[in-house]
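**Student:** Let's have the full structure, built from the sequences with the hints guiding it.
-12 is the number of the first residue of the sequence shown in the working numbering; add one for each residue after it.
In case anyone wonders, no lab produced these hints; they're calculated from the structure.
Don't be surprised by glycine CBs; every beta carbon is placed ideally from N, CA and C.
You can take every hint at face value.
Subject to a maximum C-alpha distance of 16 angstroms in a straight line, what follows is the list of computed EDC-like cross-link-like pairs (lysine to aspartate or glutamate):
#1 16 <-> 0
#2 16 <-> -10
#3 -4 <-> 18
#4 -4 <-> 34
#5 -4 <-> 17
#6 43 <-> 28
#7 -4 <-> 20
#8 4 <-> 18
Pairwise CB distance ranges, derived in the manner of DEER restraints:
#9 46 <-> 24: 22 to 32 angstroms
#10 50 <-> 9: 48 to 58 angstroms
#11 7 <-> 53: 46 to 56 angstroms
#12 48 <-> -1: 34 to 44 angstroms
#13 47 <-> 27: 14 to 24 angstroms
#14 84 <-> 41: 28 to 38 angstroms
#15 72 <-> 27: 47 to 57 angstroms
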Amino acid sequence: MADGGEVRKAASESGYKMVIDDVEVVLFKEDVEISSIAASDFQVQSEGDLTIALNKQLTHSLILEGLSREFVNKIQFMRKEKGLDIVDRIHVYYDSSSDKRNVP
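**Tutor:** Written out as structure tokens, the structure reads:
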């Protein structure tokens, strides 16, 4: 069994050949339409022979990673606002014991 990219390429060039019930059939690009249907948790995008599927489901780990990146970004922005140089040391304290956020 051929994949979609192989069929698309062959159909665009000399035609994709296959045998059905002992009869050779040749498909050309006008005969073939290849489409992608994404599962509910995925976003799919195609361009040419390339198709990418991205899982959109947010896990606990991804949410925490996003929060930590946002935290670092805020600190870097504050450093820039204060005119601090990259070699200037700072001390950061964060108390999460009163953080009421319920991260799934």
